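Using the hints, build the complex out of the two chains.
Listed below, chain by chain, are the residues.
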Amino acid sequence: MKSFDYTITDEAGIHARPAGLLVKEAKKYQSKIVVKMGSKAAEATKLMAIMGMGVKKGDTVTVEAEGGDEDVAVNGMKAFFENNF
Amino acid sequence: MFLILPAIVASGLMMGLVEALVKAVPGFSDSAWYGILDMISNTAFTFLPAIIAVSAARVFGGNIFLGGVIGMLMIHPGLINAWSVAGMAESDIPVWHLIGNIFTIRQVGYQGHVIPVVIAVWLMCIIEKWLHKHVPEMVDLFVTPLLTVMVTAFLTLGIIGPIFSTAEGYVLTFAKWVITVGYGFGAMIMGALYPVTVVAGIHHMYNVIEAGMLSEAGGLNTWMPVASAANFAQCAACLAVGLKAKNAKTKSVAIPSSLSAALGITEPAIFGVNLRFTKPLLCGIAGGAVGALLGSVMHIGATAYGVTGIPGYLTTLDYPLQYTVVLAVSFTIAFALTWVFWKEDEEDVKKAEEKTQDQAGKILEETNADTIYAPLAGNVIALEQIPDDTFASGVLGNGVGIEPAAGEVFAPFDGTIATVSDTKHAIGLIGPEEMEMLIHVGVDTVKMQGEGFEVFVSEGDTVKAGQRLMTFSIDKIKESGYSTTTAVLLNNSDDFGNFKVIKTGPVKVSEPIITI
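Going line by line, the protein sequences match chains A and B. Sequential numbering of the first sequence, starting at 1, is according to the working numbering. Sequential numbering of the second sequence, starting at 1, is according to the working numbering.
You may find that some hints are simply not true.
Said to hold, decoys possible - Computed from the model, here is a short list of chain B residues facing chain A with C-beta under 8 Å:
| id | residue |
| --- | --- |
| 1 | S31 |
| 2 | T390 |
| 3 | G415 |
| 4 | T419 |
| 5 | H440 |
| 6 | V446 |
The hints are simulated quantities; they were obtained by calculation from the structure and are not laboratory data. Predicted model only: the values in this text are computed from it and were never measured. All C-beta atoms, glycine included, are put in the ideal place defined by N, C-alpha and C.
If we strip away everything but chain B, and leave its shape as in the complex, we get (with noise of 0.2 Å):
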C-alpha cells in the first residue's frame, strides 16, 4: 500500500486541481480539456486493484507479473464493473455455473476494492512458493506460473473476492461510523491515538481503508482530517520544543524536523524529538484530538491519502475555510500546551550530548562482557515482531529486532568477526564469554546480492564495541520491496540462561539493550 503512494499522490493532486477548475471556470465541464483531465486523474483509482496487486506481490515475494494478473483479472471488462452493479437487479447478473448450483461465480469485478486484492496477492505468493518448491526443476519454469494463476483465479473469483468484498464492506462502514459517532467523538480518539499507531509502526494499515474510501464511487477520503490534525499538532509541538531549546542540537533536530512534519513526514518529529521528551508528545496528541473532531464536525473529505499538512490544501480544495480550522487548532493547542509544560532538562541536555558523540561510532573505552550493546540506532522492536517467521521463532537464537533510523552498524560487543556474508547483509561475531551473535541487515535482503551494502570487516579481525562494521541504504532495501527490520540474534542464547532484553523502543548506538 506504501509503495504504490506515488500513483495515489498523481491523481490525488490532479482530482483536487480537476475540481478546482470547475468550481472556477464556468462551462469547464463540458470542455474536452475536462474530459481529458478527467480521465488522466482518475485512471489509478479506475484500475486501482491491479496496481495494488502488483505492489503486494513484490512485498509478498511473489512474481509481480503473475500478481499483475490476479490484480486485473479482478477488474477484466468481461466482468461486469462492480460500479454499475449497484444499480443492477440481483436476476440480471449473468452467473457461471461451473458445478450446477454448488460452485458458481458471478461475473462481478472488483473495482474499487482493496482488501479482497491484497488477500488474493497473499494467497497467490503462498501457492507461487510452495509450487517453486516442489515442483521439479525441468518443468518449473512452465508448471508453476500455469499453476500458480489457475489455483488463485479460481479462489479469487470464488471464494476470497466475495468473502473478503463483504468483509471490506463492513470495515469501510466501521470506519467510517467510528469517525463520525458522538458528534466526532470517534474522531476525537483516532486522533489521539494516531501518534500511538506511528510509533508503533501500524499506521501504514490505514492506507487500507483511505484507499477503500477513495475508490468507492464518488468516494471521499474523510479518515484524511484524522491524520492531517494528528501530524501537524505533532508539527507544532517539536516547532515549540525548537523554539524554546536552549541546546543548540536539541534546537537543531527539532526545527527541521518540524518543517518536515508540516509538509506531512512526522516520524523525525516523533522519534527525533515529541518521544524522546514524552510531554511534547502528549502535548500534541491533545491537539490532534481536538483538531480531528473539528475535522469530522465540519465533514472534511479528502481527493487522496498519504498527503497530510499544508500540501493536504491541494487534496482538500472544497474545504479551504474548515481544513485551515482543523490545522490552527490542532496547532494552536500542540504548541501552546508544548510551550508551557515541557522544561529542559540540564541533565538530559548532557546527556544528549553524550549519546550523540556515541552515534557517530564512537569506539567505548569500558564494556561490561555481560551486556550487548546497540548495533544500530533506530527502533527496537521484540524478537516475536520482526517480520519473519525464522528470525521471529527464534529458531536462529533469541534476541531483538531493529528498525533502522540509520544505515550503519557497530560492533555490539569486543569480539572477532566470524563470518561475512557474501552479500554483505549479514555478520556473524563471536564476543565475550562464546556469545555467538547474527546481525542480519533486513528481511530477504540476501536477494539484493550486495547492493547498496558495504562492509569494512573481514573474517578474524578483531573488534571493539562501537566499531564501525557496515554501512547499507535504507532507501534502497526499501526500493527493493524488503523490510529493514535488522535482526540482532544471540544464536547460542540457550546457553546463557539470564538472557534479557533491557531496552525496546527508540535507542542510540550503543546503548545496552540485552544483558545475559
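Next comes chain A alone, as it looks inside the complex (with noise of 0.2 Å):
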C-alpha cells in the first residue's frame, strides 16, 4: 500500500465539481483508493461519500492506494490533488 498526505488550498474545498473530477481520476486505477480524513474515510470512486466527508481548505486528508498499480495511482492522485485542490 501506497499513501501520501495532502493540505487544501483551495479556498472552496472539494466541493460538488472537483469531486467529480477526483472521482473520474479515481476510476483509472485499478488500484482501491481511500482518502481517510480523521476519523472519516471514503472510497475514492464514490462521489457521494467523497462529497459527505466535507473537507475545507487547510483540512489535511490521507490518500491510500492498494493494488497492482499503486505506484502509478498514488503519483496520479498526487498531482491531481495538487493541480486542483
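Here it is as C-alpha cells:
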C-alpha cells in the first residue's frame, strides 16, 4: 500500500464539481483508492461519500492506494490534488 | 450583454427624449441644455467597450477590473478614435512597428465595437485562470494581473482586434441584409423565428447585433421592430387565451402574462401559456412575421435595445405612426388567429389543475422505483447544453440541466440525503436501486457562499419524492453573474444501462423526466 498526505489550499474545499473530477481520476486506476480524514474515510470512486466528508480549506487528507498499479495511482492522485485542490 | 442592459436602456431612452425635444423646440440643438443632455445620453455608447468588458469579465469568471482595463485600453484616448479614422487616408494613420514590418499595430481605437471586446475579455479570463493555477501562490498577486494584462493587451491590439472588428462588420452587414432583403421578406422570417429563439434561450445573442448597430456613427437599431413585432404578437395570443379561457387558473396566468409581454417581458407568456397550448404560439408567430415585415418596409430604427412593446415608443420617437402600425398589425393578426383556432381542452384543464397542485410540493403517493421526477419546475435541456464543461462532459454522470422557473428544489425520488454542500448550493441523494444523484443549483454558485440559498434537510434524512429540499433566489444568482442552470445528474449512470431522458422542454415539479 502507498499513501500521501495533502493539505487542501483551494478556498472552496472538495465541493461538488472537483469531487466529480476526483472520482473520474480515481476510476482510471485498478488500485482501490481511499481518502481519509480523521475518523472519516471514503472510497475515491464514490462521489456521494467523498462529498459527504465535507473537506474544507486547511484540512489534511490521507490518500491511500492498494493494488497492482498503486505506484502509478499514488503519483497520479498526488498530481491531481496539487492541480485541483 | 444582458448585464449592461440598464445602462443601455437609460442612454437609449434619454437619446430618444433629447431627439424629441430637438424636433419640438426650435433652436434647442444650439442651446446649452442640448449640449449637456446630449453628452449625458451618449456616454454609455461612447465608452461601450469599457462596460461590455466589465460585464464580460464577470460572465466569463475573470476579474472585472482587469476586464475593465482591457475594455478601456481598446478606447484609450492615446489611440485615434475609430469613428474619425473613416475620413483619414490610410497613410496618415500612425502605426507602431514593433518588430519591423512583421508585427505592427495600427494606433486606432475600437469605439463602437462589441464582438472584439467580448472575445478579448474571454481570452483574458482564460489566461487569468490559467495563470492563477500555475503561478506559485507567493507571487500570484503580482505576477498574474501583470501577465494577464500584458499578454491580453498585445493579443488584443495585434490580432483579435483587427480580425474580429472585420468579422463584426460582416455580421452586421449580414444582419442588416437579412432584415431588408426581398422587400422585408428576410425580416418576416426573422420575426417568425424570434419566439423560437426565445424558447431556445438564445435570443440574447441579438443584443450583440443590436449593440453593434447602435454604436456605429449615427447608428440605429433596425433589428428592434422585428423583436417588438414578435413579442407583441405573443402578447396578443396570450391575451386571447386569457379572455377566451373559462378555466380560472388558465385565465389567472394568461392575463398578467400578456400584460408583462406588452411591456416587453415575454417569457411568462411564451413559456407559461403559448408554448403550453402550442397553437397560440403559432398564431403569435404569424402575427409577428407580418409585423416584422412592415417594420422593415417602413425602415423603423430604435435608439436602444432591450426595450420592446409599449415602452418601445420611447426609443422610436421618429416613427410613432409606423411603430403603431407594426404593433397594431402584429397584435390584431395574432389575437384573431388565436381566438379562432385555439379551443380550451376539457381534459387539459383537468390535467393543468392537478399539475398546479404538484407544484406546491405535494408529496407523490405512488412512485416508480425506476423513475426520476423533476426536482424543479423549468425548462429541461440536454446534458451537453449545460453551460459548464465539467457537467456537460458527463464526468459527473449522465443527466439533464434545468433552467429553473422557480427557486425551489424537491426530492426527485424516495431516498436519503447523502450530502448537503456547506455552501448550500448542491445536494446529493441516494435513491432506489442505489441511484446516486447530484442536484447542483446554478454554475459556479459555490462562490456565493450560501447567500440566497436555504436547505431544509440534512445528511441522513429520509425524503419522499416531491418533498421540498431547498429554496434559492434566482435573482441573486443572476445578480452575481452566474448561470441558474441546475444540473440534475445521476453520478453512477454507468451502472444503469437503460438510462433514458424521457422529457425535455418545459416541465412542472415532479413530472417524470428520466427512467433507468
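The hints, checked one at a time:
1. S31: violated, 55 Å
2. T390: holds, 5 Å
3. G415: violated, 11 Å
4. T419: With a minimum Cβ separation of about 4 Å from chain A (threshold 8 Å), the hint on T419 of chain B holds.
5. H440: holds, 5 Å
6. V446: holds, 5 Å
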